[in-house]
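> Using the sequences and the hints, build the whole thing.
Protein chains in written order, with the working numbering: chain F, 1 to 143; chain L, 1 to 151.
The following label-pair restraints were derived from C-beta to C-beta distances: (1) ALA6/L <-> MET138/F: 47 to 57 Å; (2) MET63/F <-> ARG66/L: 29 to 39 Å; (3) GLN3/L <-> ASN136/F: 49 to 59 Å; (4) SER79/F <-> GLN3/L: 42 to 52 Å.
Residues on chain F that point at chain L, a partial pick, calculated with CB under 8 Å: (5) LEU10; (6) GLY12; (7) GLY13; (8) ILE16; (9) ALA19; (10) LEU24; (11) PHE56; (12) GLY61; (13) ARG112.
None of these hints come from the bench; they were simulated from the model. The C-beta atom is built at its ideal place from N, Cα and C for all residues, glycine as well.
Single-letter residue listing:
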Amino acid sequence: MMPLIYLHSLVGGALIGLACAVLLLLDGRVAGVSSIIGGSLRLAGENQPRNLAFLFGLILGPMIYRLGFGDWPIVRFQSNLWVLALAGLFVGFGARLGSGCTSGHGVCGLARLSRRSIVAVATFLAVGMITVAVANRMGVTAS
Amino acid sequence: MTQGSARIFAAFAAGVIFGFGLCLSGMLDPARVRGFLDIAGHFDPSLAFVLAGAVTVSRAGYLISRRLRHPLFDSIQSPHSRLDSCRPTSSSRRCLPVSSSMTSGRKGASWMQNGILMRTPMRSRWTFNPSLHSAICRARRRTARICFRPP
Chain F
1 MMPLIYLHSL
11 VGGALIGLAC
21 AVLLLLDGRV
31 AGVSSIIGGS
41 LRLAGENQPR
51 NLAFLFGLIL
61 GPMIYRLGFG
71 DWPIVRFQSN
81 LWVLALAGLF
91 VGFGARLGSG
101 CTSGHGVCGL
111 ARLSRRSIVA
121 VATFLAVGMI
131 TVAVANRMGV
141 TAS
Chain L
1 MTQGSARIFA
11 AFAAGVIFGF
21 GLCLSGMLDP
31 ARVRGFLDIA
41 GHFDPSLAFV
51 LAGAVTVSRA
61 GYLISRRLRH
71 PLFDSIQSPH
81 SRLDSCRPTS
91 SSRRCLPVSS
101 SMTSGRKGAS
111 WMQNGILMRT
121 PMRSRWTFNP
131 SLHSAICRAR
141 RRTARICFRP
151 P
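Printed below as a string of C-alpha cells:
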C-alpha cells in the first residue's frame with residue numbers, strides 16, 4: 001500500500017493543479033507563481049490587483065492548513081542564511097530568465113505539453129540533481 | 001459582482017487552493033524537494049507524486065479551457081481575436097506565457113502585450129500551410145459540440 005505521506009503529496013499536487021485550472025478557466029491566466037510575484041512588484045499594471053489577491057490567498061493557504069491539521073507544515077532549512085540568500089537570488093534570476101518556475105512550467109506548461117516547458121522542467125530537474133550531487137561531495141549533506 | 005471583482009476573487013481562490021495544496025503536498029519543505037533531487041543519496045519520490053497529481057488536474061482544466069471562447073470571468077474579446085480562425089473550438093483570449101527570445105520572434109512582437117502572447121495554440125502545427133489549416137478549422141467547427149458564447 002502507498003504510504004500516507006505519498007498520498008498527501010498526490011492530493012496536494014492535485015489541489016495545485018486545481019488552482020491552476022481555476023485560474024485558467026475563470027481568468028484565463030497561467031498560475032506561474034514567480035511571474036505573479038514579479039508582476040506584483042510592478043507598481044502599475046492592470047494585473048496588479050489580481051496578482052496581489054493571488055499572493056494573499058497563497059499566504060492564507062498555510063493558515064487554513066493549520067486550522068485543519070492543527071500544525072504548521074514542516075519546513076526544514078539545511079543551509080545557513082548566506083547560502084539561502086545566494087540560492088534565492090539564483091532561483092529568482094533563473095525563473096525570470098526561463099520565463100517561469102516549477103508552477104508555471106512544471107504544472108501549467110507540462111499540462112499544455114509546451115515544448116518550452118518540457119525543456120525547462122528537464123533542465124532544472126537535471127541541474128538540481130547535479131547540484132545536490134556536488135553539494136553532497138562537498139560535505140553539505142542532508143540531515 | 002462586477003467582472004473586475006470576480007476576476008480578483010478567482011485569483012484569490014486559486015491562491016488559497018494553491019497554498020493549501022502546497023502545504024499538503026509537503027513541498028513547502030526544502031528538505032523534501034532536495035530529497036527528490038538526491039537520486040544517489042536519501043531519495044524521496046514525493047515530488048513525482050505532486051507533479052503527477054498537479055499535471056493531471058491541470059491538464060483537464062486546460063482541455064476544458066480549449067473549449068471556451070473566453071475565460072468565464074473575462075468576456076472581453078481580445079483585439080487579436082481576428083487572428084483566431086478556429087474560434088468556435090478555441091478560446092479567443094487565452095493568455096499564454098511567452099519567452100523573451102524563444103517563441104516571440106516567429107510570432108512577431110505586435111502580438112505581445114504585457115509580456116503575454118495571445119494566440120491560438122491550435123494554429124501552430126498548420127501555420128505553414130494556410131489552406132490545410134483553414135480546412136481543418138472548418139472541420140473542427142462542424143464537429144465542435146460544446147461552444148460557449150460570451151454573455
